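2 protein chains.
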Amino acid sequence: MTVYRVVQFGLGPIGQEIARLAARRESYELVGAVDIDPGKVGRDIGEVIGLDRALGVTVRSDAERVLAETKPDCVLHCTGSYLHQVWPQLELIIRSGCNVVSTCEELSFPAAQHPDLAQELDRLAREHAVTVLGTGVNPGYVMDALPLFFSGIAQSVTAVRVQRVQNASTRRRPLQAKIGSGKTVEEFRELVAAGTVRHVGLQESVYLIAAGLGWELDDYRESTEPVIAERRITTQYFTVEPGYVCGVEQLGRGYVGGEEKITLHLRMYLDADPAYDKILLEGPTPLELVIPGGLQGDRATTAIALNAVPRVVEHAPGLVTMKDLPIVTARA
Amino acid sequence: MTVYRVVQFGLGPIGQEIARLAARRESYELVGAVDIDPGKVGRDIGEVIGLDRALGVTVRSDAERVLAETKPDCVLHCTGSYLHQVWPQLELIIRSGCNVVSTCEELSFPAAQHPDLAQELDRLAREHAVTVLGTGVNPGYVMDALPLFFSGIAQSVTAVRVQRVQNASTRRRPLQAKIGSGKTVEEFRELVAAGTVRHVGLQESVYLIAAGLGWELDDYRESTEPVIAERRITTQYFTVEPGYVCGVEQLGRGYVGGEEKITLHLRMYLDADPAYDKILLEGPTPLELVIPGGLQGDRATTAIALNAVPRVVEHAPGLVTMKDLPIVTARA
Numbered sequence: 001m002t003v004y005r006v007v008q009f010g011l012g013p014i015g016q017e018i019a020r021l022a023a024r025r026e027s028y029e030l031v032g033a034v035d036i037d038p039g040k041v042g043r044d045i046g047e048v049i050g051l052d053r054a055l056g057v058t059v060r061s062d063a064e065r066v067l068a069e070t071k072p073d074c075v076l077h078c079t080g081s082y083l084h085q086v087w088p089q090l091e092l093i094i095r096s097g098c099n100v101v102s103t104c105e106e107l108s109f110p111a112a113q114h115p116d117l118a119q120e121l122d123r124l125a126r127e128h129a130v131t132v133l134g135t136g137v138n139p140g141y142v143m144d145a146l147p148l149f150f151s152g153i154a155q156s157v158t159a160v161r162v163q164r165v166q167n168a169s170t171r172r173r174p175l176q177a178k179i180g181s182g183k184t185v186e187e188f189r190e191l192v193a194a195g196t197v198r199h200v201g202l203q204e205s206v207y208l209i210a211a212g213l214g215w216e217l218d219d220y221r222e223s224t225e226p227v228i229a230e231r232r233i234t235t236q237y238f239t240v241e242p243g244y245v246c247g248v249e250q251l252g253r254g255y256v257g258g259e260e261k262i263t264l265h266l267r268m269y270l271d272a273d274p275a276y277d278k279i280l281l282e283g284p285t286p287l288e289l290v291i292p293g294g295l296q297g298d299r300a301t302t303a304i305a306l307n308a309v310p311r312v313v314e315h316a317p318g319l320v321t322m323k324d325l326p327i328v329t330a331r332a
Numbered sequence: 001m002t003v004y005r006v007v008q009f010g011l012g013p014i015g016q017e018i019a020r021l022a023a024r025r026e027s028y029e030l031v032g033a034v035d036i037d038p039g040k041v042g043r044d045i046g047e048v049i050g051l052d053r054a055l056g057v058t059v060r061s062d063a064e065r066v067l068a069e070t071k072p073d074c075v076l077h078c079t080g081s082y083l084h085q086v087w088p089q090l091e092l093i094i095r096s097g098c099n100v101v102s103t104c105e106e107l108s109f110p111a112a113q114h115p116d117l118a119q120e121l122d123r124l125a126r127e128h129a130v131t132v133l134g135t136g137v138n139p140g141y142v143m144d145a146l147p148l149f150f151s152g153i154a155q156s157v158t159a160v161r162v163q164r165v166q167n168a169s170t171r172r173r174p175l176q177a178k179i180g181s182g183k184t185v186e187e188f189r190e191l192v193a194a195g196t197v198r199h200v201g202l203q204e205s206v207y208l209i210a211a212g213l214g215w216e217l218d219d220y221r222e223s224t225e226p227v228i229a230e231r232r233i234t235t236q237y238f239t240v241e242p243g244y245v246c247g248v249e250q251l252g253r254g255y256v257g258g259e260e261k262i263t264l265h266l267r268m269y270l271d272a273d274p275a276y277d278k279i280l281l282e283g284p285t286p287l288e289l290v291i292p293g294g295l296q297g298d299r300a301t302t303a304i305a306l307n308a309v310p311r312v313v314e315h316a317p318g319l320v321t322m323k324d325l326p327i328v329t330a331r332a
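Top to bottom, those sequences are chains A and B. First residue of the first sequence: 1, per the UniProt record's numbering; consecutive thereafter. First residue of the second sequence: 1, per the UniProt record's numbering; consecutive thereafter.
Next comes chain A alone, as it looks inside the complex:
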């Protein structure tokens, strides 16, 4: 069995979960860990991620030296959602000659908002003979790669509609806070204006779908609205009275020739029931696919990121997106 030597870059909740998953798998060896949090630096990563054993790998903040010393097959990068924000890190990883799988949302289809950066990333990756992928459950899978994969058995697709309803009550506290739980509508609008409520990645998903289907988008529009509690909702972390915000509803729409051909509708709110993911491919023979209960975000994101490593390592150098890789599967 091939064993992939990986470095975990970023030890927030998602990075920690990927590290735990890698530690459990036979085909991965965690050879390095990078974070800048003084509470984590210098400690064994096994301890940081809550294992009952040390892994013999110390969390360090000097990324460049960690990569030079460990020469991993792939870096798992989880530090931020925006490409500008993570650019220096990506550049460092690529210049160190390492393949990278990142959960940076904008990296799932960077050409959507940053065509110049996407081109520069591709050039840089080829120059250093490495492969760069952004992935996760959303963007990266359930609202883009899965609809594309589903379209493979369609004779004709005239429009793509995806609905994702997530029950935030079962998620961690920061996520419940992030969706505006307990806020007034006015407070919610301020959070939206400040950019803190928004789920990042709908635009990338719309562009990824369009690219996969060979559609030329002439417009993209996005809106973010509050979901209002109709009754009192109590979770482990929040109590929301009726009339207050219990979550967020976000719409991403892609237009081709003036028609709304792609609609991604994401609702994430407390006590959402039923939760589900649903894909509808419109056409002469409409096709529907449902994931009852919906994919649990953190678990699915960490899984697809780690599962993508072998495909990224095998792939020719350059910037790739999920539509370019052979089927990513769960392997031990």
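I should point out that these hints are in silico values taken from the structure, not numbers from a laboratory. Please note that the accuracy of each hint is not assured.
Given that identical chains are not distinguished, each listed pair holds provided it fits within a single copy or across any two copies.
[Unchecked claim] Straight-line alpha carbon distances no greater than 25 Å define the calculated SDA-like cross-link-like pairs of lysine to any residue that follow:
| # | residue 1 | residue 2 |
| --- | --- | --- |
| 1 | Lys-183 | Gly-258 |
| 2 | Lys-278 | Leu-124 |
| 3 | Lys-40 | His-265 |
| 4 | Lys-278 | Ala-332 |
| 5 | Lys-278 | Gln-163 |
| 6 | Lys-178 | Pro-242 |
| 7 | Lys-278 | Glu-187 |
| 8 | Lys-323 | Val-313 |
| 9 | Lys-183 | Arg-198 |
| 10 | Lys-278 | Ser-156 |
| 11 | Lys-323 | Val-290 |
| 12 | Lys-323 | Thr-70 |
| 13 | Lys-40 | Ala-68 |
| 14 | Lys-278 | Gly-293 |
Just so you know, these numbers come straight off a predicted model, no measurement behind them.
Here the structure of chain A is known, so what remains is to put chain B in place on it, guided by the hints.
Using the frame of chain A, we list chain B on its own:
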């Protein structure tokens, strides 16, 4: 837009449907058609496939000359389910230097039953610098590639169970006959013994899943049983009295370390309601995916075969299976 020049090899119901789809698509040009049926040879393919216009392509039986004269980007091959039976045709196509997408069921994962032939096919394909793929809705998609693609967001998969329930009442007459409609149980058993009832491809799907998940199968078992009508069933073609056969139920089981890790359960019978395709990935976090109504076999098979052409043309030479290709999408 890239236009793919294709030859349709075999003009049974599936081959005709692929040709109709190719004729409708902008990105395909039908440059040749091969069949041995004297009722089709010499006629314009547009007429043979029921279009109201001629396509300027005559159906011919001399395959070798058709391929030499047209030099297509890819051949769409639809003549039989068994590898031994179609081997001379595949050899001819490969030696003519043509890529091929075939709906031959055993070709979807030929190593399952014919490891020697699979190796020889791969060698031959590389020697002639062409790519060879077997695909279809089943085997090729809903009971193998789709479960594999779904596993990409799983942290751990301990078993794969797929259920496919097809309503045969909506299908063509030969299919209703093939599943034993109106037969007694004894007659059905004789048809099973003669090999005429069996759906070909469950074994290939089980092996494809195992290969994609990195599982080593130590046993494969298959069973075929009749579905008995509980009330009178009337379709366009058959009337089945209670107690008589109205369809078939087939189970394919793959064992790893003595455990049944893969179960494919296919039921195809008259008036099946509800029809659906359902994938269950077992593990610490079980994952379920449902296609309500189920995929319509002929439409889906023809779609995935034609949709796969660009991926096959782009791919490095050799024998490939659906797990090796980047996402196959529906394109105009």
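Evaluation of the provided hints:
In the homo-oligomer, the alpha carbons of Lys-183 and Gly-258 never lie at most 25 Å apart, since the shortest distance is 36 Å inside one protomer and 55 Å across protomers. Taking the shortest Cα distances, Lys-278 and Leu-124 never come within 25 Å of each other, neither inside one copy (37 Å) nor across copies (43 Å). Taking identical chains as interchangeable, the C-alpha atoms of Lys-40 and His-265 are never at most 25 Å apart, the minima being 37 Å within one chain and 49 Å between chains. Taking the shortest alpha-carbon separations for Lys-278 and Ala-332, only the inter-copy value of 24 Å comes in at or below 25 Å, while the best intra-copy value is 28 Å.
For the identical chains of this complex, Lys-278 and Gln-163 are neighbours both inside a copy (5 Å) and across copies (19 Å), given an alpha-carbon limit of 25 Å. For a Cα distance limit of 25 Å, the shortest separation of Lys-178 from Pro-242 inside one copy, 19 Å, qualifies, whereas the shortest one across copies, 59 Å, does not. For a Cα distance limit of 25 Å, the shortest separation of Lys-278 from Glu-187 qualifies neither inside one copy, at 31 Å, nor across copies, at 43 Å. Proximity of Lys-323 to Val-313 under the C-alpha cut-off of 25 Å is found in both arrangements, the shortest distances being 16 Å within a copy and 16 Å between copies.
Taking identical chains as interchangeable, the C-alpha atoms of Lys-183 and Arg-198 lie at most 25 Å apart only when both belong to the same chain, with a minimum of 15 Å there against 61 Å between chains. Taking the shortest Cα distances, Lys-278 and Ser-156 sit within 25 Å of each other both inside one copy (19 Å) and across copies (23 Å). Within a single copy, Lys-323 and Val-290 get their C-alpha atoms as close as 21 Å, and across copies as close as 22 Å, so both meet the 25 Å cut-off. For the identical chains of this complex, Lys-323 and Thr-70 are neighbours neither inside a copy (30 Å) nor across copies (31 Å), given an alpha-carbon limit of 25 Å.
In this assembly of identical chains, the alpha carbons of Lys-40 and Ala-68 lie at most 25 Å apart only when taken from the same copy (21 Å versus 67 Å across copies). In this homomeric assembly, Lys-278 and Gly-293 come within 25 Å of each other (Cα to Cα) both inside a single copy, at 10 Å, and across copies, at 14 Å.
Of the numbered hints given earlier, the model fails hints 1, 2, 3, 7 and 12; all others are met.
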